[in-house]
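Using the hints, position chain B against chain A.
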Amino acid sequence: MLELKDICFNRDGKVILDHISFVLDTNLFVAITGPNGSGKSTLAKIIMGIEKPDSGTIFFDGKDITNLSIHERAKLGISFAFQQPVKFKGITVYDLLKLSAGKDVSKKDVCFILKKVGLCADAYIDRELNSSLSGGELKRIEIATVLLRKGKLTIFDEPEAGIDLWSFNHLIDVFKNYQKRENTITLIITHQERILNIADQILLLKDGKIAYFGPKNQIMDQLYQDCNCPFMEGGCDYECRG
Amino acid sequence: MNVEDKELLEKVSDTKDFQSMAYNIRKDGKAVERKITEDVSIVNKEDGSGIDIYIKESAKNAFVYIPVLLTKSGLEDVVYNDFHIGKNAQAIIMAGCAIRNNANKNSRHQGIHRFYLEEDSKVKYIEKHYGEGHGSGHKVLDPITELYLGKNSTMDMDTVQIKGVDSTVRMTKAVLEEKATLTISEKIMTAEEQYAKTEFEVDLKGKDSSAHVTSRSVATEHSHQLFISRLNGYNQCYGHVECDAILKDEGTVQAIPEVNAQHIDARLIHEATIGKIAGEQLTKLMTLGLTEAQAEEQIINGFLK
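In the order they appear, the protein sequences are chains A and B. So in my numbering, spot 241 of the first sequence is number 241, and the numbers just go up one at a time. So in my numbering, spot 67 of the second sequence is number 1067, and the numbers just go up one at a time.
Hints may contain errors.
[To be verified] Looking from chain B toward chain A, a few residues come up when the C-beta cut is under 7 Å (computed):
1) 1199
2) 1252
3) 1254
4) 1256
5) 1284
6) 1286
7) 1287
8) 1288
9) 1302
[To be verified] DSS-like, lysine-lysine: derived pairs with alpha carbons at most 27 Å apart:
10) B:1056 <-> A:89
11) A:75 <-> A:14
12) B:1248 <-> A:98
13) A:89 <-> B:1276
14) A:89 <-> B:1305
15) A:116 <-> A:176
16) A:98 <-> B:1056
17) A:103 <-> B:1128
18) A:116 <-> A:45
19) A:89 <-> B:1248
20) A:87 <-> B:1205
21) B:1207 <-> B:1128
22) A:108 <-> B:1305
23) B:1276 <-> B:1056
24) A:209 <-> A:150
[To be verified] Estimated spans, in silico, between C-beta atoms of each pair:
25) A:164 <-> B:1078: 57 to 63 Å
26) A:220 <-> B:1163: 58 to 64 Å
27) A:69 <-> B:1228: 28 to 34 Å
28) B:1271 <-> A:217: 52 to 58 Å
29) A:69 <-> B:1031: 27 to 33 Å
30) B:1297 <-> A:37: 35 to 41 Å
31) B:1035 <-> A:84: 50 to 56 Å
32) B:1078 <-> A:84: 32 to 38 Å
33) B:1030 <-> A:84: 53 to 59 Å
34) B:1060 <-> A:130: 42 to 48 Å
If you're looking for bench data, these hints aren't it; they were derived computationally from the structure. Being a predicted model, the structure only gives us computed values, none of them experimental. Yeah, the Cβ is synthetic: ideal placement off N, Cα and C, and Gly gets one too.
Extracted from the complex, chain A is given alone in its bound form (with noise of 0.2 Å):
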């Protein structure tokens, strides 16, 4: 179970997150969802220990860890794929995803989780983490370092920006597939009706305030009503809509 408490996060006196509260229980698919600048990220990143708070304290599995580093958290079950992934040279696909892994795991089963999120394992097993590979390789690779980590909280800031809609299409399954398991949370930050269409429950940011935090029948209606978009039929993600 997560807990966030009274969170607090302000930068440049602008207020990014405003006494953010809610709870998440177990064998749950959240969505954040909400306008640019409505302080997803920024509270993500806070949960991760990537930021922290100004104030408010965060709690996992009944543990206060708002005071815990960022590996404290991994160490606990907490992981994370970055909107924009990291590049490091030198250091080549099979490396990052044994580090993922916490041990020494056979190629048999990082090609496995390549396979998984699109990739052809023997064309980028070892291939290094630099600008050879396109975003949309190295987001597929980043979203496989998280699959691999299997924990049991585990966070997608934006799993759908870079990726290709063919490759997105398959992505979907594997994020439900991914819920399965027992005793997880998955939370993704998206902009995505699909993704939002297959979560159990969507939290709604707007001005670092929580608009609405519930099922997603309730909440799916009102984004369709509030659009104003020409190009909505057919699709089009939230992020264009009025």
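Just chain B now, kept in the frame of chain A:
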């Protein structure tokens, strides 16, 4: 060689199984062991300044191992090793120098390695440098490498300075004829008050010749590194130099590139990136459960791998 020498030798060797190849082991200024093979002959220079290594024409996978050990404090050892690679031959050459200095006088080794590659020959050259010892005497390595690449020849050079070398001035010069290809990969790590200067000068003389020079280095504590590269394009050619350096503690790195195109179809590129480990790299690895120190170690090890 005693047990300690053998251990020291392993620091600059990628193989323990050199007995099957041609080799010449030099210790404290003298050749102590040598073996030749059908494809490789090793001959002393008449003036005693070093050796000539001849690799037969059309030899396939000729292996040569030419390491140097310096164990006497205060010794200044200079040696000329000339490698003559026959037409269409393929060779793997491993060299390196390990210095142990447990006393107070400076020890210095300068290996002048000259490579003459004939037409269509291919060479993989691996060179490692290492220093150790608890004395206050400096361990100094000043290698000079000169490469003459004949028509359509290929040379792939990996040079690594692992640790413990107090001062090094490394000079590499190359001349490339038509369709010759040169790839150099240099990796250096310095610590304490160490100093490393590396200088590359490549003359792309022949049509369609190409050179790729990559230098990756890490400067830690109070060490300083200077990287100088000069690419000269005298024909239709391609040259690329990439210098990447990671700074840690009070370490400093200076890179001075020079690209000199003397032909309308010469294409020369220089890239240099110097800076500390990016914060997002550390953060990513920490989200995988590594401490900051472990993350830093992984990033540096990968960078210099």
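Taking the numbered hints from earlier one at a time, note which ones the structure violates and give those numbers from smallest to largest. As far as the earlier hints go, 1, 2, 3, 4, 10, 11, 16, 17, 20, 21, 23, 24, 27, 29, 32 and 34 are violated by this structure, in ascending order.
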